[in-house]
Amino acid sequence: MTLPDPAELARTALAQARVAALTTYPRSAPAPRLTSVTMSCQDDGRPVIRVGPGSRAAVDLLARPLATVRVSPVGAETVTVHGGARRLPGRDERGRLAFRVDVGAVRLGVVRPATVDLDAFDAAEPDPLREDAPRVLAHLREAHTDQLTACVRAVGHD
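Residue numbering for the sequence shown follows our numbering, starting at 6 and increasing by one per position.
Think of the hints as simulated: they come from the structure by calculation, not from any bench.
From the three backbone atoms N, C-alpha and C, an ideal C-beta is built for every residue, glycine too.
A few of these clues could be false.
Between beta-carbon pairs, the in silico distance windows are [claimed, not checked]:
hint	residue 1	residue 2	range
1	S60	L123	26 to 32 Å
2	T120	A155	18 to 24 Å
3	A34	A119	25 to 31 Å
4	V157	V24	15 to 21 Å
5	L39	A148	41 to 47 Å
6	R117	S41	33 to 39 Å
7	R140	A34	31 to 37 Å
8	S60	E147	40 to 46 Å
9	L67	R140	52 to 58 Å
10	T154	D107	26 to 32 Å
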């Protein structure tokens, strides 16, 4: 069995995330600003963040389109993406503006973050089982506990 590489882990975490920490870099403020935003991920791995039209984040991104997006979905590694932010046309059903973050750098983890190669990130796919795994594991636990226990013991675990 092969373990997923850092690029696959990063793409999976981004695909799972619905909320992110957004850092903007306003020219006039003494320090970057941090806020929570909703997000989704495009098929190519680029995060799309949504912010209120009058929010500080929207003002910052329109004036200086640089962003850092950090996600920590349950059961996945923390991923930090840095890049330019491009406003997408229109607004969502709640009137929010959408910005796509063009990925310029990706880090995986927090304590000792690993830099993810951008070519590998672009080529990677999120885990195809990420949405089905909880249901499959619940079924195995509920309907096949005895068989799973026997399998684990057969390979030397108690």
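* Asked: Which numbered conditions among the earlier hints are violated in the structure presented, ordered from lowest to highest?
  -> Numbers 2, 4, 6, 7, 9 and 10 - these are the hints that the structure violates, sorted from lowest upward.
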